[in-house]
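As given, the protein sequences belong to chains A and B, one line each in that order.
Residue numbering for the first sequence follows numbering that gives the first Met the number 0, starting at 0 and increasing by one per position.
Residue numbering for the second sequence follows numbering that gives the first Met the number 0, starting at 0 and increasing by one per position.
Hints are supplied without guarantee of correctness; some may be wrong.
[Said to hold, decoys possible] Restricting the straight-line Cα-Cα distance to at most 27 Å, the calculated cross-link-like pairs of lysine-lysine (DSSO-like) are: (1) A:Lys128 / A:Lys79; (2) A:Lys231 / A:Lys128; (3) B:Lys29 / A:Lys133; (4) A:Lys185 / A:Lys210; (5) A:Lys185 / A:Lys133; (6) A:Lys89 / A:Lys128; (7) A:Lys97 / A:Lys74; (8) B:Lys29 / A:Lys162; (9) A:Lys264 / A:Lys253; (10) A:Lys162 / B:Lys105; (11) A:Lys162 / B:Lys229; (12) A:Lys253 / A:Lys203; (13) A:Lys199 / A:Lys162; (14) B:Lys109 / A:Lys162; (15) A:Lys210 / A:Lys199.
Rather than coming from a laboratory, the hints here were simulated on the basis of the structure.
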Amino acid sequence: MSDINDIVSSAEVSRDAAALVLDGVTKVFNPGTINEKIALSDLSLTIRDGEFVTVIGGNGAGKSTMLNAIAGVFKPDGGKIIIGGVDVTKRSEYKRAKYLGRVFQDPLLGTASNMMIEENLAIAYRRGKPRGLKWGLTKKDRELFREQLAYFDLGLENRLSAKVGLLSGGQRQAITLIMATLNKPKLLLLDEHTAALDPKTAKKVLSLTDKIVEENNLTTLMITHNMSDAIKHGNRLIMMNEGRIVYDVKGEEKKNLTVKDLLEKFENSSIELSDKMLLS
Amino acid sequence: MLAFINSLPGAVAQGLIWGLMAIGVYITYKVLDIADLTVDGSICTGAVVFSVALIAGVPAPVAMIFAFLAGVAAGFVTGIFHTLLGIPAILSGILTQLILWSVNLKVLGKANVAIPSRTFSVIITQLNIPVSLLVLAGFTAVIALVLYWFFGTELGCSIRATGNNQNMSRAQGINTSFIKVLGLMLSNGIVALSGALLCQYQGFTDINMGRGAIVIGLAAVIIGGAIVSKLSRNFLVQLLSCSIGGIVYYVVYQLVIALGFDTDLLKMLSAVVVAVFLSIPYFKKTYFSKVKLNKNAENDDVELKENDETIAEEVKENE
Ligand SMILES: Nc1ncnc2c1ncn2[C@@H]1O[C@H](COP(=O)(O)OP(=O)(O)O)[C@@H](O)[C@H]1O
Ligand SMILES: [Mg+2]
């Protein structure tokens, strides 16, 4: 239980320097029906600038719901969401986009398949800026995109005008990742972005992720179903269960974690929670 | 046969008018991925507003601008129904269509109004087909070029992105609701413009002139798309293909008449043709696709892996 207390107090620490503050965020799906589901339960979390947080937890723990709440896919039923000091709780999804880079589990979701690679990148490049009657894709843009793609060694720098729909899942995720970070976001949200890929491609996309995050010094929240990835990547790890954070570790302690430790925590937290349910 | 050949220039003129209408349909149906039934009403609204303005003494070019704006307003109403009130797009279009029927009747004052080219100075008329053809061709070219430019701008790109992937568009900060309303406005503005041209060409406006317009528009989009699909994917070519589709539609229409087909059945025939063409992609996917062989058609992973393989092949070929 001490873990939970730690988190609650950490939410009160230095809000100014925080890239993200979730303050008592609650989300209930299908309220008042037999399908009622408390997906986020009074969830509080503070992420400081430059932190790379990996998120683990069982199926239905509320990980995606947390990311979607941050991104504004829906409004929370309670609590506050503050990104970089700005309270965005009431802002719609497209308005929050200027602070956020997002990559989804489904490679089809992050890119427009009927549009060219360069057109997708151009749209992402203008994230957070007003879109008017200026040309949607300039020569200068194209040069920049070619450079970026060449730099990340995806073999796509000469295929700028290929339709994204022709690319593989891994290539699409890589493009989505670049799209998410072309304009440096305040916060990068990755929701199991390698889960739909074969292991080899997943590894490549993960190392690309590390590279991009490191070079741009991005604050990142990455959900993964793979515990060793969660340990290997990032500098902080949180575990979720039943819509709340049950374990939060950073620094040396995180570096020394093993999958076995995590599995233990995992079991303990579910036991604790079921104990609590029995008592109440 | 002679009658058919004589009817060809007229068929081309009508095809160009409906081709313009089809360009409007293209914007919603192809670019924005919305089936918008407002057009059955807004094409008539264009004709009604144009005719009433013309009769009131407004010069034809200015009256056409009024028609365009009326269409834009119609699209706006459908857009608000759909985005702000959350009504499904098809139903939103039907509701506006019905509203427009009353509005058109009220504005026109009666079911049918003549605007003969002898009395009014109009820009096209079926009494002078050669000049009409030139004007229509010029008109189509200008509209297509303006749209080609527009869809290359930042705003135009966000319309294409929204039609392609709303999830991605919102994640990239595009207000997809606003974009849909904008697209519906633009589309119906162009459709109304084609209505203004149509009533000038035929010399009258009739309250029922938009009935089934969506089917003709879709037919033109589909036929045109099928004709140029192998030629070019260029957006300008795609837009102009709508006009080609419109022309083919009306030439075939004349041919069918020349062959003595019962004209009462023509709308049914159009609908059947459109139904067949619309079902082709589904048939291909369901009955002829490779994925089906994997017994796993629903599984995205499979499709993606297949995709990986084809890319791998493609890369090998390139090397
Ligand atoms: N849109 C929705 N409508 C109803 N229930 C939902 C919705 N999204 C998620 N849920 C439920 O909320 C819980 C948390 O889901 P989610 O956040 O997707 O879990 P995960 O940690 O696996 O990403 C699950 O029980 C899920 O069924
Ligand atoms: Mg999830």
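Q: Kindly indicate which numbered hints from before are broken by the structure, ordering the numbers from low to high.
A: Structure breaks hints 2, 10 and 14.
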